[in-house]
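Residues per chain are reported as follows:
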Amino acid sequence: MGTEITHTVSACMGGMKTAGDLVLRMQLAHGMRIREAKEYVAEKLGVSVFELSDPSVMTEIRQTFGLGVQEPNLGDITGMAAKFRISEKMGITINSVENFKRKAGLKKEGAIHEETL
Amino acid sequence: MAEYYTRMGDGFGIYLSEEEIRADIREGVKDAADRGKIPPLTEEEMEHLYKIITMEGIIVGVKHGDEVVSSTDQGADTVGCESGVPIDRVIQVQMLERAFGIDSTDYGFTDYNFKAVKPIANYEAASMERALENSVIPILYGGMPNLGFYTKPDGPVDNWAELLPQGKVKEALEAQEAAVDLAVHDMVYVAEQMFEAGADGINLDTCGAAGDADFLAALKACEEIRNKFPTMGVEIGMAGEFVLGMHGRLKYDDTRIAGLYPHKQVKLAEKAGATIFGAVVNTNTSRSFPWNIARVCTFMKECVKEAGKIAVHTNVGMGVGGIPMCESIPHDVVSRADKALIEICKIDGL
Chain Z
1 MGTEITHTVS ACMGGMKTAG DLVLRMQLAH GMRIREAKEY VAEKLGVSVF
51 ELSDPSVMTE IRQTFGLGVQ EPNLGDITGM AAKFRISEKM GITINSVENF
101 KRKAGLKKEG AIHEETL
Chain E
1 MAEYYTRMGD GFGIYLSEEE IRADIREGVK DAADRGKIPP LTEEEMEHLY
51 KIITMEGIIV GVKHGDEVVS STDQGADTVG CESGVPIDRV IQVQMLERAF
101 GIDSTDYGFT DYNFKAVKPI ANYEAASMER ALENSVIPIL YGGMPNLGFY
151 TKPDGPVDNW AELLPQGKVK EALEAQEAAV DLAVHDMVYV AEQMFEAGAD
201 GINLDTCGAA GDADFLAALK ACEEIRNKFP TMGVEIGMAG EFVLGMHGRL
251 KYDDTRIAGL YPHKQVKLAE KAGATIFGAV VNTNTSRSFP WNIARVCTFM
301 KECVKEAGKI AVHTNVGMGV GGIPMCESIP HDVVSRADKA LIEICKIDGL
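Same order as they appear, the protein sequences are chains Z and E.
Under the working numbering, the first sequence has 8 at position 8, and the numbering climbs by one with no breaks.
Under the working numbering, the second sequence has 245 at position 245, and the numbering climbs by one with no breaks.
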């Protein structure tokens, strides 16, 4: 707890406040460096790399595309539903989304993940 | 003569003059360059580091657009376990993403090692599944290889730390090799459970804590996890800046593991298929923050340079990454370490 908050304030993107979670997804799933990951996400969302870390811009973008926001209001897309949209918008496989699809009968049991990137 | 408030490696606040800070920076850079046999920071970089250390204000920050992302090794349980607030990890994940604004989190058992998790992996996976249903940020399952747990009386193999002083070198080496296989099996077993739950990744944390065999176990486990579950990312986080040669002869991909510093560790992590490398440089508690952060930046600049297609997330927490070895960590040094690592070393994350 001692450092996470300071990192967020002084040096990090701020997760769902901007697009930090999306950039991290690209690093984790595809081993992208920070610049490459930011450019990829920015291109997919139709914003500049600079705007990607701006909460005022990104909250609207996230609401528009249903990617989940830090302070969800009635009707805002949250949790798993937001990850469905992120998977589609970013063109990536998200394991929990695939898991949910199987459980909800939206995907055949035992079907392998489709690598879309 | 102007003096600037900074800290010692144990967190104690001190005032240093410009000359003292510049001298400590130079010494820290030299120490890292000598130990790692790597280039020192340039004069311009040392000047920039001096300016960051002596900036006014408690918190300093990076320029707009230079922000990076963060991964963690706290098990999504810092509010509950460390701060003592009675709250489940599933709720803590939502707090971390919506109240704290962190970019990702790991999820982990209090004991935070894979051998301890194995008997309860199914329950841990079920809990992970609940957390994933209600969250948006990526969640990794974290734990340590913790090779020491495989020695008698807690585990099945002989204790190499007892065998070595007795001169039983062959037996000590064999015991470590046996522990590697057991640890790999446990890490992959837990990873499989987490994959079934839908986890975004696995965080193999504090690798190398028990020496070169410990790091080898992490590399082998990473390789197997990435082969079996290619949609699950793996972060390999280190225990220290230098891999101790408790075995001494172990190799990965023809590279001897003992004695490796971060700029060489990262290459092995990448070869094993890891997507994020958690680099570590230890804090010397009896030296100043300027000395420690200069040393960290020298190692990290080379580590980032040597990394190919793998993101380097420097560990900046208690006792590592220039941060003092104290429980309640001051914001001033953390924000300065962050800024220095991003602006001088071009790290990919924290």
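Derived from the structure by calculation, the hints contain no laboratory data.
Note that the Cβ used here is the ideal one computed from N, Cα and C, for glycine as well.
Among the clues, some could well be false.
Stated by the list, open to error - Reference listing, derived: stretches of chain Z covered by chain E, where coverage requires no fewer than 3 residues with Cβ under 8 angstroms from a Cβ of chain E:
#1 14–22
#2 45–54
#3 63–71
#4 84–91
#5 94–102
What the hints assert, rightly or not - Below, computed lysine to any residue pairings styled on SDA-like, alpha-carbon distance capped at 20 angstroms:
#6 E:K305 <-> Z:H30
#7 Z:K101 <-> E:K309
#8 Z:K107 <-> E:E196
#9 Z:K89 <-> E:T231
#10 E:K309 <-> Z:R35
#11 E:K37 <-> E:E306
#12 E:K271 <-> Z:D54
#13 Z:K89 <-> Z:G46
#14 Z:K103 <-> E:Y123
#15 Z:K103 <-> E:T231
#16 E:K63 <-> Z:E36
#17 E:K63 <-> Z:E39
#18 Z:K103 <-> E:K267
#19 E:K267 <-> Z:V49
#20 Z:K101 <-> E:K37
#21 E:K63 <-> Z:D54
#22 E:K51 <-> E:V62
#23 Z:K103 <-> E:P40
#24 E:K228 <-> Z:H30
#25 Z:K108 <-> E:F195
#26 E:K346 <-> E:P40
#27 E:K264 <-> E:K51
#28 E:K63 <-> Z:K101
#29 E:K118 <-> E:Y189
#30 E:K346 <-> Z:V49
To be verified - Derived DEER-like restraints, expressed as beta-carbon distance ranges:
#31 E:T255 <-> Z:T59: 44 to 50 angstroms
#32 Z:A81 <-> E:T255: 17 to 23 angstroms
#33 Z:G105 <-> E:D154: 41 to 47 angstroms
#34 E:K152 <-> Z:N73: 54 to 60 angstroms
#35 Z:G75 <-> E:D181: 25 to 31 angstroms
#36 Z:G105 <-> E:E162: 52 to 58 angstroms
#37 Z:K89 <-> E:N284: 43 to 49 angstroms
#38 E:K63 <-> Z:Q63: 23 to 29 angstroms
#39 Z:L106 <-> E:G84: 37 to 43 angstroms
#40 E:E177 <-> Z:K89: 34 to 40 angstroms
Quick rundown of the hints versus the structure:
1. With 7 residues bearing a CB less than 8 angstroms from a CB of chain E, the segment 14–22 of chain Z meets the requirement of three and the coverage assertion stands.
2. Evaluation of the coverage hint for the segment 45–54 of chain Z: fulfilled, as 4 residues show C-beta separations to chain E shorter than 8 angstroms, against a requirement of three.
3. Closer than 8 angstroms: that is the beta-carbon criterion, and the segment 63–71 of chain Z has 4 residues meeting it against chain E, so the requirement of 3 holds.
4. Evaluation of the coverage hint for the segment 84–91 of chain Z: breached, as 1 residues show C-beta separations to chain E shorter than 8 angstroms, against a requirement of three.
5. For the segment 94–102 of chain Z, the assignment as covered by chain E holds, since 7 residues bring a beta-carbon within under 8 angstroms of that chain's beta-carbons and 3 suffice.
6. Between the alpha carbons of E:K305 and Z:H30 the distance comes to roughly 19 angstroms, so the proposed pair stays at or under 20 angstroms and holds.
7. Distance hint between Z:K101 and E:K309 is unfulfilled; the C-alpha atoms sit about 31 angstroms from each other, more than 20 angstroms.
8. For the suggested pair Z:K107 and E:E196, the alpha carbons sit about 15 angstroms apart, so the restraint of at most 20 angstroms is met.
9. Restraint check for Z:K89 and E:T231: satisfied, since their Cα atoms lie roughly 17 angstroms apart, inside the 20 angstroms limit.
10. At most 20 angstroms may separate the alpha-carbon atoms for a hinted pair to count; E:K309 and Z:R35 meet this at roughly 12 angstroms.
11. Restraint check for E:K37 and E:E306: satisfied, since their Cα atoms lie roughly 14 angstroms apart, inside the 20 angstroms limit.
12. With a CA separation close to 35 angstroms, the supplied pair E:K271 and Z:D54 exceeds the 20 angstroms bound.
13. Simply put, Z:K89 and Z:G46 have alpha-carbon atoms about 11 angstroms apart, close enough for the 20 angstroms limit, and the pair holds.
14. Between Z:K103 and E:Y123 the CA atoms are separated by roughly 18 angstroms; this keeps the pair inside 20 angstroms, and the hint holds.
15. Distance check on the hinted pair: Z:K103 and E:T231 sit about 18 angstroms apart at the alpha-carbon level, within 20 angstroms; holds.
16. Under the criterion of a C-alpha separation no larger than 20 angstroms, the hint pairing E:K63 with Z:E36 is consistent with the structure, at around 18 angstroms.
17. Between E:K63 and Z:E39 the CA atoms are separated by roughly 17 angstroms; this keeps the pair inside 20 angstroms, and the hint holds.
18. Taking the CA atoms of Z:K103 and E:K267, the gap is about 39 angstroms. The hint is violated against a cut of 20 angstroms.
19. Using a Cα cut-off of 20 angstroms, the hinted pair E:K267 and Z:V49 is violated, with the two alpha carbons roughly 28 angstroms apart.
20. Pair hint Z:K101 plus E:K37 does not hold up; C-alpha atoms about 51 angstroms apart against a cutoff of 20 angstroms.
21. Annotation: proposed proximity of E:K63 to Z:D54 holds, straight-line Cα distance about 12 angstroms (limit 20 angstroms).
22. For a cut-off of 20 angstroms, the pair hint linking E:K51 to E:V62 stands: about 13 angstroms separates their Cα positions.
23. At most 20 angstroms may separate the alpha-carbon atoms for a hinted pair to count; Z:K103 and E:P40 exceed this at roughly 55 angstroms.
24. In summary, the hint linking E:K228 to Z:H30 is supported, as the alpha carbons are separated by about 16 angstroms, within the 20 angstroms threshold.
25. Restraint check: the Cα-Cα separation between Z:K108 and E:F195 comes to about 17 angstroms, which is no more than 20 angstroms; the hinted pair holds.
26. Restraint check: the Cα-Cα separation between E:K346 and E:P40 comes to about 16 angstroms, which is no more than 20 angstroms; the hinted pair holds.
27. Only pairs whose Cα atoms come within 20 angstroms are accepted, and E:K264 paired with E:K51 is rejected, the gap being roughly 30 angstroms.
28. Using a Cα cut-off of 20 angstroms, the hinted pair E:K63 and Z:K101 is violated, with the two alpha carbons roughly 41 angstroms apart.
29. For the given pair, E:K118 sits about 7 angstroms from E:Y189 by alpha-carbon distance, which is consistent with the 20 angstroms threshold.
30. Straight-line distance between C-alpha atoms of E:K346 and Z:V49 comes to about 16 angstroms, which keeps the hinted pair within the 20 angstroms bound.
31. Here the CB-CB span from E:T255 to Z:T59 is close to 46 angstroms, well matched to the stated 44 to 50 angstroms.
32. As the Cβ distance of Z:A81 to E:T255 is approximately 45 angstroms, the hint placing it in 17 to 23 angstroms is violated.
33. In this structure the supplied range 41 to 47 angstroms holds for Z:G105 paired with E:D154, their Cβ-Cβ distance being about 44 angstroms.
34. Hint check: E:K152 to Z:N73, Cβ distance near 58 angstroms, so the stated range 54 to 60 angstroms holds.
35. Our hint of 25 to 31 angstroms for Z:G75 and E:D181 is violated, since their Cβ atoms are close to 53 angstroms apart.
36. Between Z:G105 and E:E162 the CB atoms are about 56 angstroms apart, so this pair conforms to the stated range of 52 to 58 angstroms.
37. In this structure the supplied range 43 to 49 angstroms holds for Z:K89 paired with E:N284, their Cβ-Cβ distance being about 46 angstroms.
38. For the hinted restraint 23 to 29 angstroms between E:K63 and Z:Q63, the CB-CB distance of approximately 27 angstroms keeps it satisfied.
39. Our hint of 37 to 43 angstroms for Z:L106 and E:G84 holds, since their Cβ atoms are close to 41 angstroms apart.
40. In this structure, E:E177 and Z:K89 break the distance hint of 34 to 40 angstroms, their C-beta atoms being roughly 47 angstroms apart.
When each numbered hint is compared with the structure, violations occur for hints 4, 7, 12, 18, 19, 20, 23, 27, 28, 32, 35 and 40.
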